[in-house]
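Chemist: Given chain B, work out where chain S should sit, using these hints.
Number of protein chains: 2
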Amino acid sequence: MLDRWHGIAAWFDSRLVEQLDTLGPGCPTRLREAIGYSLLAPGKRFRPVLCLMACEAVGGSLDDSLPGAMALEMMHGYSLIHDDLPAMDDDDLRRGRPTCHVRFDEATAILAGDALQPLAFQTLLDSNLSPEVIRESARILARAVGAEGMVGGQMDDLLAEKRDTSVLSVEERTEWLRSIHRRKTGALIQASVELGGVAGGASPQVRQALSEYGRAIGISFQIADDLLDAEGTSEKTGKKTGKDSARGKLTYPAVFGIESSREQARSWINDAIASIQCLGNRNEPLVWLANYILERTH
Amino acid sequence: MLDRWHGIAAWFDSRLVEQLDTLGPGCPTRLREAIGYSLLAPGKRFRPVLCLMACEAVGGSLDDSLPGAMALEMMHGYSLIHDDLPAMDDDDLRRGRPTCHVRFDEATAILAGDALQPLAFQTLLDSNLSPEVIRESARILARAVGAEGMVGGQMDDLLAEKRDTSVLSVEERTEWLRSIHRRKTGALIQASVELGGVAGGASPQVRQALSEYGRAIGISFQIADDLLDAEGTSEKTGKKTGKDSARGKLTYPAVFGIESSREQARSWINDAIASIQCLGNRNEPLVWLANYILERTH
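Protein sequence lines correspond, in order, to chains B and S.
Heads up: the first sequence runs through residues 1 to 298, numbered per this note's numbering.
Heads up: the second sequence runs through residues 1001 to 1298, numbered per this note's numbering.
In isolation and in its complexed conformation, chain B is listed as follows:
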């Protein structure tokens, strides 16, 4: 199944290169380079593969969900570029390479992120999907990355660093942590599954099941990320590790400890898998994907 993932990711990458090539001469060379540098950097392509596999799981084709998958990766790419900025998380290493503002400069990095957002919408809007699928997909995407989703989560994550969370009760810290992660990372992962479902023509019931699956794997994905940061090495993750605790960030290992965090990740993965029983045998790639997230925590 890992081979299948890699195969889909490689196919997706070549389609993504073609999509970037459609940018006309009005796009400055430097901007095009910065967008390509960040977007095409080596990566797992977790969100687009999730979208493509979810679409297949409900009977759609990879081509049906390609516009949504590209839009998701563009949104993810923009968020990484902006999150790494000096005024934000101030990271200089990403996917094993200098971050966009280090390789280019801050202004170029801000603009590359700013350009990726409308490019994501454009990719969906220009596609040959039906107007209803386009509208529904774009709505899901806009909400997931907006002030109540990804950007809101990033804002609260930055505020949490400045807040003395030690005065909060365990319940309050847990609620705060979950609320941040649900928006900062979870919303786009959940949207990835939902976009696959919409593109594949899923029924309302199946869409609901996919939505619950997406929510649950989104949370466990973030727990796994926190665990990797606490335990991993930069060789393994391609970015600096141990930074979260150095900055006093609110993370699962910090609030619950390593073992309890692992248990929670497992519990969410079990919930995710239970949610998609209604898909029958077709759910296998999504079950495998959920378990793969869990493996990262060990």
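Watch out, some of these pointers could steer you wrong.
[Unchecked claim] What follows is a list of derived Cβ distance ranges for each label pair:
1. S:Pro1204 x B:Lys44: 42 to 48 Å
2. B:Gly7 x S:Gly1096: 39 to 45 Å
3. B:Ser166 x S:Asp1164: 51 to 57 Å
4. S:Pro1204 x B:Gly36: 46 to 52 Å
5. B:His6 x S:Asn1128: 49 to 55 Å
6. B:Thr22 x S:Gly1059: 51 to 57 Å
7. S:Arg1163 x B:Ala9: 37 to 43 Å
8. S:Asp1164 x B:Thr22: 31 to 37 Å
9. S:Glu1295 x B:Leu40: 47 to 53 Å
10. B:Ala9 x S:Glu1259: 56 to 62 Å
11. B:Gly24 x S:Gly1096: 51 to 57 Å
[Said to hold, decoys possible] Take a look, some chain S residues computed to stay more than 10 Å from chain B by CB distance:
12. Ala1041
13. Leu1062
14. Val1145
15. Ser1166
16. Glu1172
17. Ile1273
[Stated by the list, open to error] Computed footprint of chain S on chain B; a stretch qualifies when at least three of its residues, placed anywhere within it, have a C-beta under 8 Å from a C-beta of chain S:
18. 9-15
19. 102-112
20. 156-163
Honestly, the hints are just simulated from the structure, not real lab data.
Given the structure is predicted, the values throughout are model-derived calculations rather than measurements.
Beta carbons are placed, not taken as given, at the ideal position from N, Cα and C, and that holds for glycine.
Modeler: Relative to chain B, chain S alone:
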């Protein structure tokens, strides 16, 4: 007619406040404040009023073009916040008030801009316009603000500051200047007129006429802006003036001189007015608006 403009702008502002109020509890208070601070700052609301008046000029209602008008102002607001950042134009005064990153901080300003982009699309996508009008409007908007439009123009504008333009011929400098302005300011102004036409159900011929009108007033708007910066005071413009020449920016007055710049602005306005003769009497507000731009240059 100025009263009519102010009346529409006041109505628009109250609708915009209502739209921001739809942001749910997932949006952090600080982010909501920064968005409101920038978006609702006193301003002429040139782009939304242009969109609303264009819609009326083709027989549509203000309500038809309200979602597009709000989306345009949100995109304009995001672009101002990001353009003012220290890594970009580094401005601390905007619309007579401290800029967003001065009043809040850089991270909040970046995120407020990042949140306004999907909010603009969401405003269009959630509206009760027909799926075809929504799709077409969102496509026009995405293209206008993207890598080949507004963001591309801003990138080249920043690069122009670092480039020794004195080695270029007059023709090369003129071409470079026009290309930057067409994208940086012109694209969104042109899109404002086009969105009004689409929302009002204009025929392809009328849409083409509006598009030419929008292109021409976009160029003269930028010339007027350059002239204001060269001649105006910050009391009049609400922002620092004389900055362009201090930074060696490529501007119309710098390339052509004050008088020739004024003549070019007039010539574009004449072209704009000629483009919309096909609208008959209904074109009056748009004719007035075009002439109003020209008055700013004196």
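Chemist: Each hint should be assessed against the structure and marked as holding or not.
Modeler: Hint check:
Evaluation of the 42 to 48 Å hint for S:Pro1204 and B:Lys44 yields a pass: the beta carbon distance comes to about 45 Å. Between B:Gly7 and S:Gly1096 the C-beta distance comes to about 57 Å, which lies outside the given range of 39 to 45 Å. In this structure, B:Ser166 and S:Asp1164 meet the distance hint of 51 to 57 Å, their C-beta atoms being roughly 55 Å apart. The given range of 46 to 52 Å is broken by S:Pro1204 and B:Gly36, whose C-beta atoms sit roughly 35 Å from each other.
The hinted range of 49 to 55 Å is not satisfied by B:His6 and S:Asn1128, whose Cβ atoms lie roughly 44 Å apart. Look at B:Thr22 against S:Gly1059: about 35 Å separates their beta carbons, and that is not inside 51 to 57 Å. Checked against the given bound of 37 to 43 Å, the beta carbons of S:Arg1163 and B:Ala9, roughly 39 Å apart, stay inside it. Separation of S:Asp1164 from B:Thr22 is about 33 Å and conforms to the stated range, judged on CB atoms against 31 to 37 Å.
For S:Glu1295 and B:Leu40, the hinted distance range of 47 to 53 Å is satisfied, since their beta carbons lie about 49 Å from each other. Separated by about 59 Å at the C-beta atoms, B:Ala9 and S:Glu1259 satisfy the suggested range of 56 to 62 Å. Checked against the given bound of 51 to 57 Å, the beta carbons of B:Gly24 and S:Gly1096, roughly 38 Å apart, lie outside it. Distance to chain B confirms S:Ala1041 as a non-interface residue, since its nearest Cβ pair spans about 18 Å, more than 10 Å.
Residue-level check passed: S:Leu1062 sits 23 Å from the nearest beta carbon of chain B, beyond 10 Å. The Cβ of S:Val1145 does not lie farther than 10 Å from every Cβ of chain B; its closest approach is about 5 Å, which violates its non-interface assignment. In this structure S:Ser1166 is separated from chain B by more than 10 Å, as the shortest Cβ-Cβ distance comes to about 21 Å. Listed as a non-interface residue, S:Glu1172 keeps its Cβ farther than 10 Å from every Cβ of chain B; the least gap is roughly 16 Å.
Taking the minimum C-beta to C-beta distance to chain B, about 27 Å, the non-interface status of S:Ile1273 holds against the 10 Å cut. Under a criterion of three residues with beta carbons nearer than 8 Å to beta carbons of chain S, the stated coverage of the region 9-15 of chain B fails, only 0 such residues being counted. Chain S is given as covering the region 102-112 of chain B, and this holds because 6 residues of the stretch bring a CB closer than 8 Å to a CB of that chain, at least three being needed. Requiring three or more residues with a Cβ within less than 8 Å of a Cβ of chain S, the coverage given for the region 156-163 of chain B holds, as 3 such residues are present.
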